[in-house]
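Engineer: If you want the building blocks of each chain, they are given just below.
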Amino acid sequence: MYAPTNQTGPQSAATEPPAPTDGHPPDAALVLLAQKGDSQAFAILVARHQRQLYRLALRMTGSEADAQEILQESFLNAWQKLPLFRGDAQFSSWLYRIAANGALMRLRRKRRAPDAVSEQAEELAGPKFTADGQHEEPPHSDWSQRADEKLLSQELGEHINAAVRTLPDDYRTVFLLKDVDGLSNEDIADALELTVPAVKSRLHRARLALREQLGDFFGG
Amino acid sequence: MVELIEQCSECVSLLGDYLEGSLSRERTTALETHLSRCMPCITFVRTYKKTTVLARETLAAQMPRELVTSLQQFLKGAIPGFTCDSKKGDCGSSAQQPDSSSDTKKS
Ligand SMILES: [Zn+2]
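Protein chains in written order, with the working numbering: chain A, 1 to 220; chain B, 1 to 107.
Bear in mind the hints are in silico, worked out from the structure with no lab data behind them.
Each hint should be verified, as a subset may be incorrect.
As the list claims (entries may be wrong) - Derived lysine-lysine pairs resembling DSBU-like cross-links, with alpha carbons at most 35 Å apart:
#1 A:LYS81 - A:LYS110
#2 B:LYS50 - A:LYS36
#3 B:LYS50 - A:LYS200
#4 A:LYS110 - B:LYS76
#5 B:LYS50 - A:LYS128
#6 A:LYS110 - A:LYS200
#7 A:LYS81 - B:LYS76
#8 A:LYS81 - A:LYS200
#9 A:LYS128 - B:LYS49
Claimed, not checked - Just the calculated beta-carbon pair ranges, DEER-fashion:
#10 B:MET39 - A:PRO197: 26 to 32 Å
#11 B:VAL53 - A:ARG109: 33 to 39 Å
#12 B:ASP17 - A:GLY157: 26 to 32 Å
#13 B:SER13 - A:ALA28: 34 to 40 Å
#14 A:ARG108 - B:ALA61: 52 to 58 Å
#15 A:ASP88 - B:LEU4: 41 to 47 Å
To be verified - Rough simulated footprint, nothing fancy, chain A against chain B, three-plus residues with beta-carbon under 8 Å:
#16 23-37
#17 40-50
#18 60-74
Note that CB positions come from ideal geometry on N, CA and C, so glycine has one too.
Starting from the given sequences, assemble the full structure and let the hints guide the process.
Structural biologist: Structure, rendered in structure tokens:
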């Protein structure tokens, strides 16, 4: 049976996952059981991680149908490779990595000249500064307050959607995974094979570009 | 002695780390000092943060219920003894057969 592992182990104190809220043991304990063939323990892991994995697959491919297949492949893959999983990494990161690889393979099969991305990024909008680094057009208009009134209006929703779609692929993916889905920088870096600083820089630039577009929407 | 931030562009470039709390203590102080006297940057921070909030509120993706069910059925078919929830032991009693390549009709 499940050993109630209360140990907030020394292995990776900085990235220790939060205690599970589903009433089941933490990942590490379930993984040990699943590695011995306990498919019920694995089912709990699936239930626990499927939503985040779905978001990752959806964000990377932009397709619900692809996300569905990636999820199926990834979990089956994870089950089959589970004996190879070593407890020195977090299970969730390992899982993200499997799903991200599935998504990347799918994307490569489908389309996409990967080097188009960096060029596109040069055109990303952002704030303008004068030569001495002051805001060129001081953002007087503080639409952050007005946004509350308009909140979730359909028009705004469509505008945000359209704005996000204009971002280069990997900027959009990083932004969605981090700011919308709440993944950690480290997990995103792992999944997308980027460094953490690269994740942060894409995130920041994506936010700046979106902020400009929202400013336009609010007439700022 | 804290190195001051004179340029708004520098202030903006540090925002990501600042809001995440990963900026050093010194830089944080410098940035907050700049913010305390630069109205355009205060507005910038507000709208920068709001961008994230609005995106989260409009774009949050929920895993569709049918997808949860089809995944469970797929795994049930592929992994012996896989039951979806040990508490309920129910995989969503849908009539449709688990089909390994289950292509649901989605828009
Ligand atoms: Zn300033």
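Engineer: Each hint needs a verdict: does it hold in this structure or not?
Structural biologist: Results for each hint:
Proximity of LYS81 of chain A to LYS110 of chain A is assessed by CA-CA distance (about 26 Å); at most 35 Å being required, the pair is judged to hold. Annotation: proposed proximity of LYS50 of chain B to LYS36 of chain A is violated, straight-line Cα distance about 47 Å (limit 35 Å). Between the alpha carbons of LYS50 of chain B and LYS200 of chain A the distance comes to roughly 18 Å, so the proposed pair stays at or under 35 Å and holds. Between LYS110 of chain A and LYS76 of chain B, the direct Cα distance comes to roughly 29 Å. Compliance with the 35 Å bound is thereby established for this hinted pair.
Annotation: proposed proximity of LYS50 of chain B to LYS128 of chain A holds, straight-line Cα distance about 19 Å (limit 35 Å). With a CA separation close to 28 Å, the supplied pair LYS110 of chain A and LYS200 of chain A stays within the 35 Å bound. Restraint check for LYS81 of chain A and LYS76 of chain B: satisfied, since their Cα atoms lie roughly 17 Å apart, inside the 35 Å limit. Taken as a hint, the LYS81 of chain A and LYS200 of chain A pair is honoured in the structure, with Cα atoms around 31 Å apart against an allowance of 35 Å.
Restraint check for LYS128 of chain A and LYS49 of chain B: satisfied, since their Cα atoms lie roughly 18 Å apart, inside the 35 Å limit. Taking the beta carbon of each, MET39 of chain B and PRO197 of chain A are about 30 Å apart, inside 26 to 32 Å as hinted. Between VAL53 of chain B and ARG109 of chain A the C-beta distance comes to about 36 Å, which sits within the given range of 33 to 39 Å. In this structure, ASP17 of chain B and GLY157 of chain A meet the distance hint of 26 to 32 Å, their C-beta atoms being roughly 29 Å apart.
The beta-carbon spacing between SER13 of chain B and ALA28 of chain A, approximately 39 Å, falls within the hinted interval of 34 to 40 Å. Under the hint 52 to 58 Å, the C-beta atoms of ARG108 of chain A and ALA61 of chain B, about 23 Å apart, miss the expected range. In this structure the hint that ASP88 of chain A and LEU4 of chain B lie 41 to 47 Å apart at CB holds, the actual value being about 44 Å. Here's how the region 23-37 of chain B fares: 0 of its residues keep a CB closer than 8 Å to some CB of chain A, so the rule of at least three is not met and the hint is violated.
Evaluation of the coverage hint for the region 40-50 of chain B: fulfilled, as 9 residues show C-beta separations to chain A shorter than 8 Å, against a requirement of three. Given as covered by chain A, the region 60-74 of chain B passes the check, having 11 residues with a CB less than 8 Å from a CB of that chain where 3 are the minimum.
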